[in-house]
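Novice: These protein sequences, in sequence, are chains A and B.
Residue numbering for the first sequence follows my numbering, beginning at 1 and increasing consecutively.
Residue numbering for the second sequence follows my numbering, beginning at 1001 and increasing consecutively.
It is worth saying that the hints were derived from the structure and are not from the lab.
From the three backbone atoms N, C-alpha and C, an ideal C-beta is built for every residue, glycine too.
Some hints could be false.
Between beta-carbon pairs, the in silico distance windows are [unchecked claim]:
#1 Leu-1034(B) with Asp-7(A): 41 to 47 Å
#2 Gly-102(A) with Arg-1009(B): 21 to 27 Å
#3 Thr-157(A) with Ala-1128(B): 17 to 23 Å
#4 Ile-127(A) with Gly-1138(B): 42 to 48 Å
#5 Thr-1123(B) with Thr-156(A): 19 to 25 Å
#6 Ala-137(A) with Val-1048(B): 27 to 33 Å
#7 Ile-89(A) with Gly-1051(B): 41 to 47 Å
#8 Asp-1070(B) with Ile-89(A): 22 to 28 Å
Non-contacting residues of chain B with respect to chain A, defined by C-beta distances greater than 12 Å in every case (computed) [unchecked claim]:
#9 Glu-1004
#10 Arg-1006
#11 Gln-1110
Chain residues, written in single-letter form:
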Amino acid sequence: LVQRFIDTARAALTDPKGFYSGMRLAGGLGPPVTYAVAGTCVGALAGAIWSSFASFGSFGSFGSFPGAGSGFMGTLVMTLVFGMIGLFIGAGIFHLMLSLLGAARQPFEATLRVVAYGAGSTALIGIVPFCGGIIGAVYGLVLYVVGLSAAHECDTTKSAIAVLTPAVVCCVLTALLWSAILALIFGAAAMGAAGASMQ
Amino acid sequence: VTLELRSLRRGETDHEALWAGVAASMAVMFVAWLRVVEWPPILCPFRVLTGVPCPTCGATRALFAFAQGDLVASLRLNPLVGGGLLLALPYLAYATLVSVFRLPRLRIAQVGPGEARLTRIATWVVLAAAWGFLIVDGR
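Use the sequences and the hints to build the structure in full.
Specialist: Put into structure tokens, the structure is as follows:
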């Protein structure tokens, strides 16, 4: 099972076009969602470990979750929960955009499969310390563009518009991402200053 | 457009259970957000760069207003979010009902090409109008 997971991740990350061209478009949401959960678990675990090493607490200065157990567990739980909700909401937005562009030639399940395999695979890049999450998020967009184009048999321009328009125009998520990045930068700077004053 | 009321087919996506579950999870997260998390004020990069609000500007405030029962304020803060939430409520009630009692589901059986095109155009117009309102209203 672990070997199959690794093979799937490798295929999606290294040959997205081939992977998504051969992907089944139906067969239930169970396998792709399970794959996304597994990938997100690994990525969230790695992210939580790096986060606790950086001693930012949960989400750094971005927000704290005392009720969820601060630090390691808080980061882990919240990443998983947000990841799963985001999976369905993201797939819904992409499918709506494809429908509005007249490019949705497959049912919602196909879109969700693309997003789930993309998210599960790119979450693994979170293993890379600190910048892994950002790299994974950006590469995820690439996988979605390629995957939606292959699954819905539409041209890449339309799938790129479907994926990038919400990211560019709907700024709430973008703002949250930038807030996280800024919190990370200022948190690191504050740590550096504290370290220097201790010496 | 032809609608039909039928049982779920084998392997078919259970949209009602899926979206009712997602909505319930989001509601729990929203309550947690209100009670526990201290978020910084959200600065919209689109607004900073262009000087005009993005289509989702005011979404959070609209959500808060809706949660407090102030529908007018919610619609004015962001018509897309306020209107979306207003439309989502009856759908979620239906989705919960048919999921819990395993009732037949309402499905679109057939859509003509002209109707599909008209729906797409109407949706784009609604999205543009909602965005235009935010710009004109000076949000």
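Novice: Each of the hints needs a verdict: does it hold here or not?
Specialist: Here is what the structure says about each hint:
In this structure the hint that Leu-1034(B) and Asp-7(A) lie 41 to 47 Å apart at CB holds, the actual value being about 43 Å. Here the CB-CB span from Gly-102(A) to Arg-1009(B) is close to 26 Å, well matched to the stated 21 to 27 Å. For the pair Thr-157(A) and Ala-1128(B), the beta carbons lie near 21 Å from each other, so the given range of 17 to 23 Å is met. Between Ile-127(A) and Gly-1138(B), the C-beta spacing of about 46 Å keeps the proposed range 42 to 48 Å intact.
About 23 Å separates the C-beta atoms of Thr-1123(B) and Thr-156(A), a value consistent with the hinted range of 19 to 25 Å. Between Ala-137(A) and Val-1048(B) the beta carbons are some 21 Å apart, a value that contradicts the proposed interval 27 to 33 Å. With their beta carbons about 28 Å apart, Ile-89(A) and Gly-1051(B) fall outside the hinted range of 41 to 47 Å. For the pair Asp-1070(B) and Ile-89(A), the beta carbons lie near 24 Å from each other, so the given range of 22 to 28 Å is met.
A cut-off of 12 Å between C-beta atoms confirms that Glu-1004(B) is not in contact with chain A; the least separation is 16 Å. Distance check on Arg-1006(B): its Cβ is at least 16 Å (rounded) from any Cβ of chain A, clearing the 12 Å threshold; non-interface status holds. Under the 12 Å C-beta cut-off, the non-interface status given to Gln-1110(B) relative to chain A holds; the minimum distance is some 15 Å.
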